[in-house]
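Generate coordinates for the entire structure from the input sequences, incorporating the hints supplied.
So the protein sequences, as listed, match chains A and B.
Read the first sequence against the numbering used here and you will find it ends at 483, with the numbers running on by one and no gaps.
Read the second sequence against the numbering used here and you will find it ends at 1309, with the numbers running on by one and no gaps.
Please note that the accuracy of each hint is not assured.
[As the list claims (entries may be wrong)] Listing some non-contacts, in silico: residues in chain B with all C-beta distances to chain A over 12 Å:
id	residue
1	Glu-1071
2	Arg-1075
3	Ala-1088
4	Glu-1094
5	Ala-1147
6	Pro-1166
7	Gly-1183
8	Thr-1216
[To be verified] Using 30 Å as the maximum straight-line C-alpha spacing, the simulated DSS-like pairs for lysine-lysine come out as follows:
id	chain 1	residue 1	chain 2	residue 2
9	B	Lys-1132	A	Lys-100
10	B	Lys-1208	A	Lys-100
11	B	Lys-1208	B	Lys-1014
Quick caveat, the hints were computed from the structure, so don't treat them as lab data.
Beta carbons: idealized from backbone N, C-alpha and C, even for Gly.
Here's the letter readout for the chains.
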Amino acid sequence: MSLQINPVTLKELRQIVRSRIVAAGLIGLLAIALVAVTIVLLNEDEPSAVSTKYGTTVFHTIYILLCLLLLFALPYFVAIRMGAERSNEHLDLQFTTILKPRQFVDGKIAGAVVLVIFLISATLPFMVLAHFLRGLDLTAALISVVMLTMIVIATICAALLLAILAPSRVARGLLLLGGVQALPIMIGFTIAANYGLVSEGNFSLSNSSDFIVALVFCGIWLSLCLILRRGSIALISPAGSNRGPAFRWWVTGIWLFWGVIAVDYYYRKPTGDSLEAWGFLSVLAFALCSFISVALAPGYSRRVLARVSPHPFRRLMQFVFYSGAENGLVWALIMSLLTVIISAVGSAAVRPHSGFDDIDSFTIFILTILGYIWFARAIWLWWLARWISWRFAALAAIVLLLIGSAVPYVIGLGQGATGPLWVFGNVFAAFADDITEGMVGGAVLWILLALLVNLPGLARAFREFRPPADMPPPPPLLPTKTD
Amino acid sequence: MKLEINNLSRHFGKLRAVDDISFSLGDGEVVGFVGPNGAGKTTTLRIVATLDEATAGDVLLDGISLLDYPEHARRQIGYMPDALPEHADMTAHEYVDFFGRAFGFRGAALHEAVAEVESFTGIESFRDQTLKKLSKGMKQRVSLARALVHRPSLLVMDEPANGLDPRARIELRELVQALAESGKAILISSHILAELGEMCSSVVIIEKGRLMGSGTVATLANDTQDRQQLLVRALVPAAELLRALLETPGVTEAFQRNETCVATVAAGNEALAAILGSLVARGLPVVEFRPEQIGLEQVFMRVTRGEIA
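Now the structure itself:
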């Protein structure tokens, strides 16, 4: 089996087997589980409950422990290990091999998944005990464990991405603190969902609406994991490689898939919010992508340019999807505008006489944020580049966004909260109660201004984005000397 | 195999870490890459190892650009950095085995490659120890085994002798010589200049990212001096020989060192021939006449002080 297995997975598994942290975690989990179950059973003072409640109580206790370990300790374990391997003497060495970034990320995820399964299976004796104590719906318990596993895998993918994304120890420290804030919410949600599933019995796969909910959950989980995995692969690839296309095609594909489902569902059930939910999540994702793109190096590596087609239309298409700061910004802007248009048209077609405040709201939201990011790019290009690295352009965008959203509040004091000064360039205007067409117009004007100041940079980027004249054709790869 | 570094530059903002350097090496050659701290050695080696990108210039391996097609080169290059990870949960054998797999080796071919490289580098005796428990010398051996497991034709070594004790250094030198004899091209950077001088067929000296000189130590010694020291001994009293030397045209100064006289003369073989002719013409029975050998350390000091100009 070790002949076929991904080398990184094999390495991870070998390390896990020897890891003192894993051994301590496993022993700790079992010891705490034993003590906790004993205390829970001893404190159960209603003898009549033995036949109805004990199994569920024990299961909940084990589940909470598993949640704490898998949703709090494990993501940190994975992220810290990944962060440590971002140094020259670790990861770089692996990049001198013929391992692909995809194999590296997949190997890491697979290693962590095996660890998750290993830890869950270690608690099986307690779960069997819960079953024998009766009162436990085995199907609900199984669904609950599967749900936990899926959430843990998504969290591991996110932890890997963030560990790769964080360029310094300070950034990793900030992410660590962010995790302390976010993970308890996730744990709370998972425990509550488990309680609903197992104790309340308010979920059944035989119920069609519950089945759809399960399908949507699985779809969202799969989409999230795939995007996080692709993002990790793109970020871990060498800076000079063409990292854009695979990630952007994946995101575009997933956006399209959920868009079709959202539109279809909206037509079937016009009172629902599927279109708004899809639109809002999409523009959030594109805003995040823009923040990453704005912090990319200017210019193109020879490896990217080598793939540019001399054909004008193909070159234009490639410009949108290929690696590069301007390329990423243009792609995110186009995708955001498409999202807004599809949402607005879809909404107007189904509910022609109702206002579409939600769509107006996220239109203002995304256009204002993208405007700040584009302004930040222009400011960096024409002024800040002399002093700070392109890596900090995203930080400049965040600072601009905060200042730009705070200033209207200060200026607008006493003028009424929705005056023109308050609206223009203010991301919080998206959350106003009474959104007018003028406010949407202001957001459009804002992004147009941002594009205008970026025109020279965009034109320069497009001029540079052409195949090099002296590029030789790629040589055939030499065979690996394996025999 | 031929590696050509052509007008290579790497800038980090305003810092020119590597600034327009060019040199080449081929099969069986051991090229020492020398420079003070911060000269741009590691940056250059990382570009050659396909771990970094150049701002300008190119690195060609058998005519194919490593910058354009790094995947092509990785099977041909073994890179040994100056540090090895300190895994507490991975043995030396597992580490080398992992890199064998990472280069696509499987089954019997993998076992053969790993066993061969473990035997060559002498890590068999401690292959089951975790990396964290190994001494610096052992780690360097593991690092070398890792770099050689896929049988590359070019070996890039960054400060391999750093922190090694004298015995480990001698063993490393022997390994490098054995590798060169087997036909591998080796690019090696080090601060231990005396050892580099013994190991290398030629050296490349850089300072502040700029190429200060390249070639054999003897060539560089000739190129970087306008005066040389000449050792002369004759079957006459040393005082008489000294007097004769001081009267010989082309000798700027001379002094006596035991039975030998040391004269400072112009650089180049022509000056040596003229002085030898003059001494013989005076009837002095010369039994020893040789220019004093200049080591890499002296060449390095001269070159990096700007005496090349």
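Here's how the hints hold up against the structure:
{"no.": "1", "hint": "Glu-1071", "verdict": "7 Å, violated"}
{"no.": "2", "hint": "Arg-1075", "verdict": "5 Å, violated"}
{"no.": "3", "hint": "Ala-1088", "verdict": "8 Å, violated"}
{"no.": "4", "hint": "Glu-1094", "verdict": "6 Å, violated"}
{"no.": "5", "hint": "Ala-1147", "verdict": "8 Å, violated"}
{"no.": "6", "hint": "Pro-1166", "verdict": "25 Å, holds"}
{"no.": "7", "hint": "Gly-1183", "verdict": "14 Å, holds"}
{"no.": "8", "hint": "Thr-1216", "verdict": "30 Å, holds"}
{"no.": "9", "hint": "Lys-1132(B) <-> Lys-100(A)", "verdict": "27 Å, holds"}
{"no.": "10", "hint": "Lys-1208(B) <-> Lys-100(A)", "verdict": "34 Å, violated"}
{"no.": "11", "hint": "Lys-1208(B) <-> Lys-1014(B)", "verdict": "13 Å, holds"}
Of the hints listed earlier, those the structure fails to meet are numbers 1, 2, 3, 4, 5, 10, in rising order.
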